[in-house]
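Chemist: Assemble the complex: chain H is given as a structure, and chain G must be docked to it using the hints.
Residues per chain are reported as follows:
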Amino acid sequence: METVIQKIGLPRLIITALFLFVLVLGGILGMPMISFISDIIKRMGMYGILVLAMVPSIQSGTGPNFALPIGILTGLLGIVISLEIGLVGMAGFLGAVGFALPFAILVGFFYGKLLNMVKGAEMTIATYTGFAVVQFMCIMWIVLPFQSGTMKWALGKGLRNTFPLDNTFGLILNNFMAFSIGNLHIPTGLLLVFFGTCFAVWLFTKSKTGTEILAGGMNPRFAIASGVNIDRNRIIANILSTVLGAFGIIVYSQSFGFVQLYTAPLMMAFPAVAAVLIGGATAQRARVSHVIIGVVLFQGLLAVSLPVANQLVPEGNLSEIIRMVVQNGIILYALTKVNDNGRN
Amino acid sequence: MDKYLLQMKNIQKEYSGNKVLKGVDLNLKAGEIHCLIGENGAGKSTLMNILFGMEVIHSTGGYGGEVLIDGQLTKITSPKEAMKANIGMVHQEFMLIPAFSITENVKLNREVTKENLVSRVFGERLKTVDFPTMSQDTRKALDKLDMNIEEYTRVAGLPVGHMQFVEIAREIDKTGLQILVFDEPTAVLAESEADNLLRTMKKLAKEGIAILFITHRLDEVMSASDKVTILRDGELVACKNTKDTNIIEIAELMVGRKIEITMKKEASVQDQETILEVKNLHVEMPGEEVRGLDLKIRKGEILGIGGLAGQGKIGIANGIMGLFPATGEMNLAGKEIGLNNTAEMLKNRLAFVSEDRRGVGLILDETIEMNIAFTALKVQGRFLRKLGPIYLQNDKEIHHHARNMIKEFDIRCTGPKQHAGRLSGGNQQKVCIARALTQEPIILFISEPTRGIDIGAKKLVLDLLLKLNKELGMTIVMTSSELAELRSISDRILIVSEGKEAGILPPDAPDAKYGLLMSGVTGEIIEKGGK
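Going line by line, the protein sequences match chains H and G.
Sequence positions in the first sequence follow my numbering and run 1 to 344.
Sequence positions in the second sequence follow my numbering and run 1 to 531.
So that you can see chain H by itself, here it is in the shape it has in the complex (with noise of 0.2 Å):
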């Protein structure tokens, strides 16, 4: 018995169980099941592939990308520059992306040399990292010399808070090739886009350089003694995950329709994080199984107690609530986990 929870993991059998339990709750509540799968689709892939940027990094041995949110600012310039120049429907979209590439990978490249300098202590050092060039980014957004109407305060200077894609590429991917059985709504390009990117990280991890990652991050000495320059591939793994985290802001903007700036990216890392650990991933170990499993558990958890609790308790944010315990308590359960491994 022991070896089965073992196996699955505490965390991910409890999350499961919450999940199906408010599932049945929504049943006996008469609530419709459909749009909930629907919803659940959706959000799988919006934010599956900010969850995916978390693999590279777990591999390398940095733990989870807690500074995620450099990745997601760099898409989001990516993102402003595009639609500054006046880019429209898909050539807005791939101008998003291929205007934060290089800004990912740059710095994602520092990032790396910043984790690398602060061995032991990555996962503390990201997380504020991230905060510190958040708040850098508040004051950039006001001060770049962007002068796109959608995008800017209608009076005074900067860009506004939130401003819609529907003009531009909102929904680009989840309308492309997109169909319904019924009230089941399936946006193909979307889960298309994120199925895809995983198999991208998946072959990576398969590759020379991806085994010789794996190795370094399960056990650097061992892979420093096969000659494996460590550094190097903690650089690498980082740069991949930034570059993972910028696409996938972009994905996620146009399927959530609009753009958010600012304090926004603020404290995405964290159900990145934890959907990756519900999913089965260590802060040592992780799959892009893990990201689909942990991503379609967690979000749709979410996705399915926010109406389930609204029926119940009208009154409150009562699901916000339950998302920030789990979010959370996972996060917390999983870094009490860290220093276990290994020790057999």
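It is worth saying that the hints were derived from the structure and are not from the lab.
Certain hints may be false.
[What the hints assert, rightly or not] Example chain H residues on the side facing chain G (calculated, C-beta under 7 Å, incomplete):
(1) Lys206
(2) Ser207
(3) Thr211
(4) Glu212
(5) Ala215
(6) Asn219
(7) Pro220
(8) Phe222
(9) Ser226
(10) Ile230
(11) Arg232
[Unchecked claim] In silico lysine-lysine, DSSO-like type, Cα no more than 27 Å apart, as pairs:
(12) H/Lys206 <-> G/Lys396
(13) G/Lys347 <-> H/Lys206
(14) H/Lys208 <-> G/Lys417
(15) H/Lys208 <-> G/Lys127
All C-beta atoms in this analysis are idealised placements derived from N, C-alpha and C, irrespective of residue type, glycine included.
Modeler: What follows is chain G alone, placed relative to chain H:
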């Protein structure tokens, strides 16, 4: 009958079924310097841990036998009680607080205190520390040791020799100290400092303190001690008056004939061609520093590297493979190669099986097949297949290779996908060796190949090395703490002492020679017959 200050009678101790002390006696008189010697693992530390009532002893079921102090049967169950029984110890690694002054260190937790207003109200713990008195006491202790250093100097930055004396000062400052144990005190000292220390020990002994001196330097035993007790494998081998014995006899007793893993070693095919030459090798491996070693490894030989722990034997292979910062010159088959470059060494087909199997040798949470294939995959680009511009690992080939290795080396496991961490020590070692051999090396460095594995597996591993050497002509450099094991398969054995070569011996050289070299005695003394 002589009156003994300390008597330990028939002391026995076992750690989870493994007997480490098998009935040892030790008798110590006041004013005597008594040496305790033995190889690593002979039981010296365990005996001292018993004397000091250390936690490790009592949390593992206590000990058998009796300890008598001043003729009184005493059961010491904590270091505090040892202190009360007037036993002091000078540690090998200094137990000093660097940021404190000498006085503060000497008086630590035994501070002289004065009443003050607050302490009258709130009690004992808030009394004022009486620095002038403490300084006076410390001064007295330092004077006794002929140390003309100021007592208010901070310990940080003192030369190691001085730190040692601060430790001694702390012990002799304790009123009524009767027994003082020195645990390899000269290991970290320079020669002149060591002489100084020995002089001080004699002086203390004259004042009636009984000194128990643990060391492995035999010349010190001869010059300083009155009596010598020799332990080997947890047994008392001999207790002699120093003047009735000589250095060669002691060395012989210390090494002794052990139960040998008998393997008939035929004279192996070896030419005199040097395959790897290292000059003036220095390796900064903490605890195993190498300090200027020259070494020629001949093609096709098995070279054993032996020596006591901490003398640098482990550092040699680690330094050559670039795992710890090293300096010196290296020449592989006529080609100069740089140090500190692991990838380069591996590319030149030198393979290394680390002494730290679980820390360096394996990824415990990874499958056996990945553990075996990894180094060859990384260094030689094997087990890969090309897919467009990228190389992917070839799972099928890795799996297949691991299956062969498992069969060939008889690795007991549930299959190539089992995690390495789940295997027994012997099987883990085989996985490490399989990984090294997958590189198809020309020289195999293997350190402590049989540490922590049972006797049956030991033989298998040694047989395997012998087979590789004989059938494939592989040059093997084996580092081991077990002399018997080195002697059973090596062609030549290099003994390392204090980070340097003490000598190279054939496996059938007499025990005494090994003992002397391991104890850092130079060849000249051996010639002179131990005087």
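Chemist: Each hint: holds or not?
Modeler: Here's how the hints hold up against the structure:
With 7 Å as the threshold, the beta carbon of lysine 206 of chain H comes within range of chain G, its nearest partner Cβ sitting at about 5 Å, so the hint holds. Taking 7 Å as the C-beta cut-off, the interface hint given for serine 207 of chain H holds, the closest approach to chain G being about 5 Å. About 5 Å separates the beta-carbon of threonine 211 of chain H from the nearest beta-carbon of chain G, less than 7 Å, and the hint is met. For glutamate 212 of chain H, the shortest C-beta to C-beta distance to chain G is roughly 6 Å, which falls under 7 Å, so the interface hint holds.
This hint holds: alanine 215 of chain H has a C-beta 6 Å from the nearest C-beta of chain G, less than the 7 Å allowed. This hint holds: asparagine 219 of chain H has a C-beta 4 Å from the nearest C-beta of chain G, less than the 7 Å allowed. A distance limit of 7 Å between C-beta atoms decides the matter here; for proline 220 of chain H the minimum to chain G is near 10 Å, and the interface restraint is violated. For phenylalanine 222 of chain H, the shortest C-beta to C-beta distance to chain G is roughly 5 Å, which falls under 7 Å, so the interface hint holds.
Below 7 Å, beta-carbon pairs count as interface contacts, and serine 226 of chain H has one with chain G at about 4 Å; its hint therefore holds. Because the beta carbon of isoleucine 230 of chain H sits about 11 Å from the nearest beta carbon in chain G, more than 7 Å, this interface hint is broken. The restraint placing arginine 232 of chain H at the interface with chain G is violated, with a minimum CB-CB distance near 11 Å, outside the 7 Å limit. Proposed proximity of lysine 206 of chain H and lysine 396 of chain G is supported: the alpha carbons are some 13 Å apart, at most 27 Å.
A distance of roughly 22 Å separates the Cα atoms of lysine 347 of chain G and lysine 206 of chain H; the hinted pair therefore holds under the 27 Å criterion. At most 27 Å may separate the alpha-carbon atoms for a hinted pair to count; lysine 208 of chain H and lysine 417 of chain G meet this at roughly 19 Å. Of the pairs offered as hints, the one joining lysine 208 of chain H and lysine 127 of chain G is violated, with about 66 Å between alpha carbons and a cut-off of 27 Å exceeded.
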